[in-house]
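Produce the entire structure from the sequences given, and follow the hints as far as they go.
Protein sequences, first through last, are from chains A and B. The opening residue of the first sequence carries number 4 in the working numbering; numbering runs sequentially from there. The opening residue of the second sequence carries number 4 in the working numbering; numbering runs sequentially from there.
Watch out, some of these pointers could steer you wrong.
Where chains are identical, the list cannot tell them apart; a pair therefore holds if satisfied intra-copy or between any two copies.
[Said to hold, decoys possible] Result set (BS3-like, lysine-lysine): computed pairs, CA atoms no more than 30 Å apart in a straight line: (1) K49 / K260; (2) K245 / K55; (3) K223 / K113; (4) K292 / K152; (5) K223 / K145; (6) K373 / K223; (7) K33 / K45; (8) K113 / K232; (9) K113 / K33; (10) K192 / K146; (11) K232 / K145; (12) K16 / K39; (13) K16 / K260; (14) K33 / K49; (15) K223 / K250; (16) K146 / K16; (17) K16 / K60.
For the record, the hints were derived by calculation from the structure and aren't laboratory data. As the structure is a computational prediction, the values presented were derived from the model and not from experiment.
2 protein chains.
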Amino acid sequence: MIDLQQSRDEIDKVDKQIVDLFEYRMQLVKDVAEYKIQTGKKVFDKEREQEKLRVLKGMASNDYNSHGIQELFTQIISMSRKLQYGLISEGSFRHPFTELQSLPVDQNTKVVCFGVRGSYTEQAMEEYFGSNISRSYAPSFKKVMQAIKEGEADYGVLPIENTSTGGISDIYDLLVEFDNSIIGEHVVKIQHALLGLHGAEINDIRTIYSHPQGLMQCSKYIERHPLMKPVECTSTADSAKKVLEDKDMTQGAIASKQAAAYYGLQILEEAINHEDSNSTRFIIISRDKKYRKDANKISICFELPHESGTLYNMLSHFIYNNLNMTKIESRPLEGKVFEYRFFVDFEGNLNEAGVKNALFGIQEEAMSLKILGNYKSI
Amino acid sequence: MIDLQQSRDEIDKVDKQIVDLFEYRMQLVKDVAEYKIQTGKKVFDKEREQEKLRVLKGMASNDYNSHGIQELFTQIISMSRKLQYGLISEGSFRHPFTELQSLPVDQNTKVVCFGVRGSYTEQAMEEYFGSNISRSYAPSFKKVMQAIKEGEADYGVLPIENTSTGGISDIYDLLVEFDNSIIGEHVVKIQHALLGLHGAEINDIRTIYSHPQGLMQCSKYIERHPLMKPVECTSTADSAKKVLEDKDMTQGAIASKQAAAYYGLQILEEAINHEDSNSTRFIIISRDKKYRKDANKISICFELPHESGTLYNMLSHFIYNNLNMTKIESRPLEGKVFEYRFFVDFEGNLNEAGVKNALFGIQEEAMSLKILGNYKSI
Numbered sequence: 004m005i006d007l008q009q010s011r012d013e014i015d016k017v018d019k020q021i022v023d024l025f026e027y028r029m030q031l032v033k034d035v036a037e038y039k040i041q042t043g044k045k046v047f048d049k050e051r052e053q054e055k056l057r058v059l060k061g062m063a064s065n066d067y068n069s070h071g072i073q074e075l076f077t078q079i080i081s082m083s084r085k086l087q088y089g090l091i092s093e094g095s096f097r098h099p100f101t102e103l104q105s106l107p108v109d110q111n112t113k114v115v116c117f118g119v120r121g122s123y124t125e126q127a128m129e130e131y132f133g134s135n136i137s138r139s140y141a142p143s144f145k146k147v148m149q150a151i152k153e154g155e156a157d158y159g160v161l162p163i164e165n166t167s168t169g170g171i172s173d174i175y176d177l178l179v180e181f182d183n184s185i186i187g188e189h190v191v192k193i194q195h196a197l198l199g200l201h202g203a204e205i206n207d208i209r210t211i212y213s214h215p216q217g218l219m220q221c222s223k224y225i226e227r228h229p230l231m232k233p234v235e236c237t238s239t240a241d242s243a244k245k246v247l248e249d250k251d252m253t254q255g256a257i258a259s260k261q262a263a264a265y266y267g268l269q270i271l272e273e274a275i276n277h278e279d280s281n282s283t284r285f286i287i288i289s290r291d292k293k294y295r296k297d298a299n300k301i302s303i304c305f306e307l308p309h310e311s312g313t314l315y316n317m318l319s320h321f322i323y324n325n326l327n328m329t330k331i332e333s334r335p336l337e338g339k340v341f342e343y344r345f346f347v348d349f350e351g352n353l354n355e356a357g358v359k360n361a362l363f364g365i366q367e368e369a370m371s372l373k374i375l376g377n378y379k380s381i
Numbered sequence: 004m005i006d007l008q009q010s011r012d013e014i015d016k017v018d019k020q021i022v023d024l025f026e027y028r029m030q031l032v033k034d035v036a037e038y039k040i041q042t043g044k045k046v047f048d049k050e051r052e053q054e055k056l057r058v059l060k061g062m063a064s065n066d067y068n069s070h071g072i073q074e075l076f077t078q079i080i081s082m083s084r085k086l087q088y089g090l091i092s093e094g095s096f097r098h099p100f101t102e103l104q105s106l107p108v109d110q111n112t113k114v115v116c117f118g119v120r121g122s123y124t125e126q127a128m129e130e131y132f133g134s135n136i137s138r139s140y141a142p143s144f145k146k147v148m149q150a151i152k153e154g155e156a157d158y159g160v161l162p163i164e165n166t167s168t169g170g171i172s173d174i175y176d177l178l179v180e181f182d183n184s185i186i187g188e189h190v191v192k193i194q195h196a197l198l199g200l201h202g203a204e205i206n207d208i209r210t211i212y213s214h215p216q217g218l219m220q221c222s223k224y225i226e227r228h229p230l231m232k233p234v235e236c237t238s239t240a241d242s243a244k245k246v247l248e249d250k251d252m253t254q255g256a257i258a259s260k261q262a263a264a265y266y267g268l269q270i271l272e273e274a275i276n277h278e279d280s281n282s283t284r285f286i287i288i289s290r291d292k293k294y295r296k297d298a299n300k301i302s303i304c305f306e307l308p309h310e311s312g313t314l315y316n317m318l319s320h321f322i323y324n325n326l327n328m329t330k331i332e333s334r335p336l337e338g339k340v341f342e343y344r345f346f347v348d349f350e351g352n353l354n355e356a357g358v359k360n361a362l363f364g365i366q367e368e369a370m371s372l373k374i375l376g377n378y379k380s381i
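Now the structure itself:
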């Protein structure tokens with residue numbers, strides 16, 4: 004058996020030498036960076052890097068090490084590039100966003116809300132903007148985007164998570180398509196109530212309408228009331244509307260308290276959902292590329308060729324600048340089989356040097372980069 | 004100005020030395036691995052690694068290099084670990100899946116389909132299993148999962164992408180909860196038709212029912228027919244059912260040709276959706292942990308603490324084993340603010356050494372790993 008301590012001591016010696024060589028290499032790279040800045044040459048020279056990697060791999064004595072050397076130098080070269088970006092990015096990274104102190108809102112502010120009156124999205128709108136605004140409603144995510152793009156409204160409110168009206172990627176794709184931006188975020192705690200006509204009683208209810216998710220979130224309540232037959236509707240607000248219009252005392256709707264107020268229904272029972280932690284995240288969008296001074300979350304989207312390691316290399320920009328990712332999602336690009344679009348949320352403000360460095364690096368190396376918004380996470 | 008060529012020559016010399024040191028280090032690590040195998044010690048010793056990184060970082064002459072050294076040695080140590088995993092994984096990596104030649108299907112095979120008769124999910128089921136099976140229908144993803152778990156059905160069919168009935172993560176979360184597995188995948192090209200009662204004509208249609216996505220995918224057709232008013236339904240199949248039940252010659256439904264056949268409606272116009280590339284991916288689930296010999300795609304789910312770099316380190320297992328990821332998605336874990344669950348799809352078969360190495364590494368380093376299925380990507 005080998006002497007473990009002796010092997011470990013020897014590894015420590017090797018590591019010390021690698022550290023010294025790494026430090027010396029970074030100094031040399033700095034010299035090259037200065038040359039590149041003075042001559043205006045681009046930092047990222049893919050061909051040169053790949054030739055370099057090919058030569059280094061060739062030095063390895065076996066396949067495993069060859070692979071390892073490729074990994075290692077991909078990283079060393081990428082670090083060198085980041086050092087060079089850091090030296091030039093302060094002056095070079097441009098984005099179209101401007102800072103503002105706070106969102107200007109008054110009774111003339113036009114806000115378009117996804118869905119219909121009495122919905123949870125409306126609740127999010129009122130909690131975020133107050134009720135003293137000029138409001139309108141749009142039936143689809145796309146119509147909300149259009150209204151913002153064409154200046155018919157200043158802000159739009161859309162559900163972005165924990166919703167069955169479409170996933171986060173649909174909205175992110177639309178943000179790219181319409182070139183709108185996220186300017187705010189708001190979370191609503193979903194509290195479903197059982198609504199009925201005035202004069203109706205819980206024990207009379209035989210049919211209970213709601214959105215499939217509403218029915219699911221209250222399934223334990225429905226199980227405890229076996230006489231109630233659940234029936235699906237397009238939205239919770241629509242179920243309230245149906246109960247109002249059908250004028251049938253045996254019909255109930257699972258919807259928000261707002262829906263009760265708006266449709267003139269009676270709240271038969273509050274908080275009938277069994278999942279207490281159930282909440283929906285909404286985003287506020289605008290046509291202007293602005294971010295509040297206190298913004299602390301950034302959403303971006305970038306496209307990469309479908310090659311092993313491309314995402315890995317891209318993530319290193321976050322790691323290297325000490326940025327915390329809070330969400331990542333990939334989706335294939337329609338009609339482009341070998342390319343992917345990624346959506347990433349991370350913590351930060353466009354003012355920060357680390358954020359600028361990371362975005363500069365991604366912009367240089369990805370096929371495209373789009374900043375979807377910088378806003379306050381709540 | 005510096006001499007660019009001289010700096011580059013010097014960098015080449017440094018790199019050669021790093022290659023030699025790296026190779027020597029890997030040899031030393033192999034010795035340690037043999038010691039660990041003989042004594043049965045665990046490869047991953049987090050505390051020792053972190054202490055080692057702390058010492059190495061302290062050797063750096065500035066903050067930037069300190070960060071770089073941490074990155075570099077995180078990778079070098081991770082490579083060393085992978086070498087050690089490789090030496091022991093063949094015998095050590097255990098998973099509960101067994102190989103089978105093909106899916107046994109006959110008229111007694113019980114298949115549960117999400118949704119109702121005449122849906123696109125039903126179309127997926129028939130295309131995948133043929134029509135000579137014993138079928139049933141379930142109204143929610145959860146009910147499908149339950150039927151499989153409790154042995155009421157052998158296989159389940161669920162839409163997993165390009166659907167507004169819930170996102171991929173909902174289904175993946177349910178797979179984890181019910182411990183069911185993905186055994187197959189099938190893509191259906193969505194072709195919407197305009198359906199009406201027998202005897203109805205396109206020009207008579209005034210109200211057009213469908214699921215919100217159906218209406219959206221045919222919005223250009225609807226715009227060309229301004230007399231048709233779009234109205235949302237819970238599903239495309241439901242819209243066909245409504246037209247049948249209302250017996251109103253001015254009502255139309257946007258749904259599949261299957262729905263026309265099932266509900267006895269007339270196809271007024273075929274292929275009215277403007278997006279030609281529109282298709283939905285469905286998965287086939289089963290309770291048994293099996294994979295077909297020709298399976299070439301693996302879905303997994305793992306949980307990580309919310310620390311900078313944890314995902315990055317996890318992805319290195321794919322890179323290092325030459326595995327291509329085709330999907331990644333993160334979601335926060337309910338009730339656990341600082342932990343994330345990741346869903347990753349990648350190309351491979353559980354038989355392959357590279358797949359085993361990668362999964363062994365992830366299992367050792369993540370808080371949890373679950374293989375959701377190994378199936379044939381189509």
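Taking the hints in turn, this is what the structure says about them:
{"no.": "1", "hint": "K49 / K260", "in the structure": "neither (58 Å within a copy, 51 Å between copies)"}
{"no.": "2", "hint": "K245 / K55", "in the structure": "neither (69 Å within a copy, 66 Å between copies)"}
{"no.": "3", "hint": "K223 / K113", "in the structure": "between (40 Å within a copy, 28 Å between copies)"}
{"no.": "4", "hint": "K292 / K152", "in the structure": "within (12 Å within a copy, 49 Å between copies)"}
{"no.": "5", "hint": "K223 / K145", "in the structure": "between (35 Å within a copy, 13 Å between copies)"}
{"no.": "6", "hint": "K373 / K223", "in the structure": "between (43 Å within a copy, 28 Å between copies)"}
{"no.": "7", "hint": "K33 / K45", "in the structure": "within (14 Å within a copy, 41 Å between copies)"}
{"no.": "8", "hint": "K113 / K232", "in the structure": "between (40 Å within a copy, 27 Å between copies)"}
{"no.": "9", "hint": "K113 / K33", "in the structure": "neither (51 Å within a copy, 67 Å between copies)"}
{"no.": "10", "hint": "K192 / K146", "in the structure": "both (25 Å within a copy, 26 Å between copies)"}
{"no.": "11", "hint": "K232 / K145", "in the structure": "between (34 Å within a copy, 18 Å between copies)"}
{"no.": "12", "hint": "K16 / K39", "in the structure": "between (35 Å within a copy, 21 Å between copies)"}
{"no.": "13", "hint": "K16 / K260", "in the structure": "neither (69 Å within a copy, 72 Å between copies)"}
{"no.": "14", "hint": "K33 / K49", "in the structure": "within (19 Å within a copy, 34 Å between copies)"}
{"no.": "15", "hint": "K223 / K250", "in the structure": "within (26 Å within a copy, 36 Å between copies)"}
{"no.": "16", "hint": "K146 / K16", "in the structure": "neither (64 Å within a copy, 60 Å between copies)"}
{"no.": "17", "hint": "K16 / K60", "in the structure": "both (24 Å within a copy, 15 Å between copies)"}
Violation of the numbered hints given earlier is confined to hints 1, 2, 9, 13 and 16; the remaining hints are satisfied by the structure.
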